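Chains as they are written, first to last, in my numbering: chain A, 1 to 648; chain B, 1 to 90; chain C, 1 to 131.
None of these hints come from the bench; they were simulated from the model.
Not one of these hints is a red herring.
Listed next, the stretches of chain A that the computed footprint assigns to chain C, with coverage defined by at least 3 CB atoms under 8 Å from CB atoms of chain C:
| no. | segment |
| --- | --- |
| 1 | 64 to 78 |
| 2 | 141 to 148 |
| 3 | 174 to 183 |
| 4 | 240 to 247 |
| 5 | 293 to 304 |
Keeping only pairs whose Cα atoms sit at most 25 Å apart, straight-line, the calculated BS3-like set for lysine-lysine is:
| no. | chain 1 | residue 1 | chain 2 | residue 2 |
| --- | --- | --- | --- | --- |
| 6 | C | LYS98 | A | LYS232 |
| 7 | A | LYS592 | B | LYS67 |
| 8 | A | LYS317 | C | LYS98 |
| 9 | A | LYS556 | A | LYS648 |
| 10 | A | LYS646 | A | LYS51 |
| 11 | B | LYS67 | A | LYS596 |
| 12 | A | LYS317 | C | LYS104 |
| 13 | B | LYS69 | A | LYS597 |
| 14 | A | LYS597 | A | LYS504 |
| 15 | B | LYS18 | C | LYS98 |
| 16 | A | LYS223 | C | LYS26 |
| 17 | A | LYS50 | A | LYS627 |
| 18 | A | LYS232 | B | LYS35 |
| 19 | C | LYS46 | A | LYS314 |
| 20 | A | LYS596 | B | LYS69 |
| 21 | B | LYS69 | A | LYS592 |
| 22 | A | LYS232 | B | LYS18 |
| 23 | C | LYS40 | A | LYS317 |
| 24 | A | LYS400 | A | LYS314 |
| 25 | B | LYS55 | A | LYS478 |
| 26 | A | LYS314 | C | LYS98 |
| 27 | C | LYS26 | A | LYS542 |
| 28 | A | LYS542 | A | LYS556 |
| 29 | B | LYS67 | B | LYS24 |
| 30 | A | LYS504 | A | LYS33 |
| 31 | A | LYS317 | C | LYS46 |
| 32 | A | LYS314 | C | LYS104 |
| 33 | A | LYS51 | A | LYS627 |
| 34 | C | LYS104 | A | LYS232 |
| 35 | A | LYS420 | A | LYS404 |
| 36 | B | LYS18 | C | LYS104 |
| 37 | B | LYS55 | A | LYS232 |
So the derived label-pair ranges between C-beta atoms look like this:
| no. | chain 1 | residue 1 | chain 2 | residue 2 | range |
| --- | --- | --- | --- | --- | --- |
| 38 | B | GLU51 | A | ALA500 | 29 to 39 Å |
| 39 | B | GLY84 | A | HIS587 | 33 to 43 Å |
| 40 | A | LYS23 | B | GLU51 | 50 to 60 Å |
Keep in mind it's a predicted model, so treat the numbers as computed, not measured.
Just so it is clear, CB atoms sit at the ideal spot from N, CA and C, and this is done for glycine as well.
Listed below are the residues making up each chain.
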Amino acid sequence: MRIRENRVQTVLRVDLSDGSFSKEELPEEWTGKYIGARGITSRLLYDEVKKGTDPYGPENILYIGTGPLDGLPVGMGRLSMACKSPRGTVAEGSAGGFFGPELRRAGYEYLAIKGKSDKPVYLYIENDNIEIRNASHLWGLSTYETDAALRFEIPDPDAQFRYIGPAAENLVHAATIMGNLNSCGGRAGCGEIMGSKKLKAIVVRGHNGIKPHDYDAFVDAYKVFRERVDIKTSRDMWTPVWNTYGAPVLSRLFPDLGNLMTRNAREMTWDAEKAINISSENFMDNYAYKAKACWCCPAPSCQKLYSVPSGKYKGFKGGNYWAGQPIALGSLIDNGNMDLMLVISGLCNQYGLDIFHIGFTLGWAMECFEEGILTKADTEGMELRFGTFDEDALVDLIGKIARKEGFGELLSLGCSEAAKRIGKGSDRFCLSVKGQELEAIAERNLLMVALGVAVSEVGPDHTRWYPPYPCNPSLITKDELSNLGIDLDLRLAFDTRNPAEKGKLLRWFTISRAIVEALPSCVFLVRDTLGLDLRPWWNLFKAATGFDLEYQELLKAGERLMNLDRLFNVREGFGRQDDRVPYRISHEDVPKFGYKKIDDNLLNPMLDEYYASNGWDLDTTVPSFAKLIELDLEDTVEDLWANGIKVK
Amino acid sequence: MKALQLRYVAAAYPITSKLDEEFKTTASSIQELIKELDDVYGGFLEMFINEESGKLNLNTMIYYGEKSKVPVAVLDIDQAITDGARITFW
Amino acid sequence: MKRIYIIEQLCNGCRLCETFCSSLSKGVFSGQAGRIRILKLAGEEKDIPMVNCDGTCIRSIFDDRRPTCVGLCPTGALYFAEHEQAVEVRRQYEEARKEHSIFKFLAPWRWPFPWRRPGEKKARSAEKEIE
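The task is simple: from the sequences and hints, build the whole structure.
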């Protein structure tokens with residue numbers, strides 16, 4: 001057994017076109033400059049996937065990786081994925097589970113997979129032994145079946161897998177990469193790219209040990225970390241809830257606040273009875289039977305496995321019921337039937353489909369049907385109205401979407417492309433930005449969310465910042481804030497309907513989240529100071545790697561990675577004109593609650609503040625020359641000029 | 001007597017074993033209401049009021065909605081309550 | 001004599017116990033090289049801790065001689081007790097499960113919130129925790 005330290009990170013490069021592979025050690029200073037996980041995959045993506053690369057072609061590279069803190073008990077098994085999205089933007093996602101530590105134990109931090117195979121294959125990695133094996137017997141299997149088949153073929157119970165389902169094989173929009181049955185990530189395009197390369201699965205097994213640079217310092221820092229994330233001492237109101245009941249409690253809180261997107265966001269509140277039906281409390285009482293956790297997580301029951309106890313779907317099993325489902329598969333399509341929702345959610349996991357794609361595309365289709373834009377002729381006879389639909393037909397439809405059959409073929413495009421095909425003004429009902437569907441959080445009440453959804457480089461992704469759920473700004477004192485060098489007026493920033501300070505708040509949240517994901521560690525645990533104080537994580541990083549990094553250097557690393565993502569997009573031709581909100585959000589008020597539409601008058605000042613605080617040009621959103629120098633990214637300037645991007 | 005609509009979400013649910021209820025009370029402020037609920041259910045006081053400071057705990061939340069108005073977060077323990085209000089505890 | 005007992009229904013498979021135990025002798029996190037390991041069966045359906053030691057850590061990371069694994073377990077699936085106490089704890093757990101659904105996922109003595117749990121008659125002062 002070799003002992004691995006955490007200073008030098010290794011990439012395993014695999015070319016599926018000719019079956020070759022090689023190992024590369026990254027420069028040691030990259031660990032201090034880019035940290036790891038998302039930080040390094042962003043850098044590699046920028047350097048190696050050139051402008052204009054065909055996303056489905058052999059030159060697109062899929063990066064899957066973890067960072068120096070994984071394999072140690074604070075990494076939480078986080079895994080980062082990145083590639084170029086079929087939408088043209090950067091595609092970045094992350095997932096949990098148990099794959100990350102095993103990859104590190106095998107001797108690698110990153111996999112860089114390029115090329116394309118003509119036949120289905122899977123990648124087998126066991127320490128130094130790399131094989132590309134035939135996967136035609138796995139192609140077409142659901143994720144659960146793939147997991148079982150791989151377990152049979154590789155009878156080592158500690159081997160870890162990541163795989164795609166039939167949806168990604170068929171290049172369905174927003175398909176995901178799955179693992180450990182219910183852990184998923186990469187909805188921005190990583191699943192589709194893995195499917196386009198005909199890579200069905202990745203298997204990893206490692207036998208090395210991971211050694212922190214200073215074990216005693218690490219253990220001390222770990223104990224401080226455990227205290228900070230302990231529910232008993234947490235100052236944040238969401239931590240106790242998230243770690244036990246889970247996020248679906250939102251379905252009971254949001255309707256009162258006008259935060260719940262209902263019937264394709266036509267309304268923002270819902271019937272209390274339906275909300276109780278799909279609530280966390282009902283789920284915990286009647287459906288959930290076992291808590292599941294990611295690797296080394298201190299939260300007792302973040303995720304749970306469930307089983308439907310009675311009725312038509314009795315015995316259906318699944319897992320990971322979180323914030324997205326009650327909204328995307330519940331209020332958005334006016335479905336108050338918990339059994340049906342859990343079945344659809346479970347099927348999405350089994351096919352490798354993204355629930356936001358399914359929910360928002362169904363919502364779009366239902367509104368089109370009610371407006372007469374889609375008829376029974378288009379829907380193969382299915383009556384598609386909010387709250388009124390044939391449950392069995394809907395369950396079948398999910399399979400059709402994964403296989404691109406019949407009416408499912410239109411829906412498999414995602415609502416943005418489907419609206420382009422149908423025309424007739426159906427794009428007004430499409431809730432998407434940059435071709436990617438929205439997520440669970442409402443915009444017109446929470447202005448920072450509207451801004452975040454508009455500027456996010458991968459399309460709407462609340463995991464690039466922290467949702468500013470109504471929270472108590474007195475959580476963090478003025479002194480603490482100035483100690484951390486953060487210049488924000490907290491009261492204004494958390495005044496959710498005031499556009500002031502939103503750009504700066506979003507900037508801080510994005511940097512903070514970028515750092516936590518680069519280490520990597522789990523973001524559900526940083527809420528104690530609203531994600532503004534990362535010193536416990538900084539201490540863990542120093543003890544693990546031995547890098548004597550200043551705290552401000554760590555913050556810079558987060559900002560660096562935020563800029564690299566923006567540079568990739570800018571190089572591909574994206575600019576301020578693409579940072580928009582969906583049509584409904586910018587054209588319709590919410591009269592019952594008095595929330596205003598986010599039109600240009602409201603959005604433009606927020607965009608200006610965000611770009612200005614980041615040091616980006618207000619028209620082109622290109623980071624300024626001064627900013628790139630500040631972040632030690634001046635080596636990108638030549639490349640940008642060569643690609644026609646003017647850096648000022 | 002005021003008639004209030006009370007709702008219990010997430011961590012408040014194990015304490016009351018109820019999701020919501022109609023509650024009649026003579027309490028005139030949030031603090032008095034919490035004390036009354038503590039007599040009935042036990043645990044309310046500890047959950048919402050910080051022993052040392054006497055103020056509301058930071059890691060729990062109360063939403064107060066006057067009849068047919070959008071609820072707002074309660075930040076002041078002496079906030080008045082009116083008849084027909086809808087209060088969510090979590 | 002105290003030893004480590006398990007309540008396997010509570011294990012969520014996080015592997016904190018196994019990971020830390022593997023590091024105690026040499027300061028290297030080496031997966032399953034410790035004296036407790038989690039057996040995963042039937043996909044993700046079952047996580048079973050298998051203890052192969054008497055509860056004396058080579059060096060516990062907690063000062064008060066609690067076994068490291070027991071101190072770290074987030075749900076309370078592991079506990080360190082004498083035989084009679086262990087049986088009593090098991091009985092208490094089975095009762096608590098019927099009391100409220102949240103105890104399907106964490107042990108009553110690991111009630112995570114700073115306020116008293118349902119059924120306790122007085123306010124919490126000292127932690128009457130089972131180690």
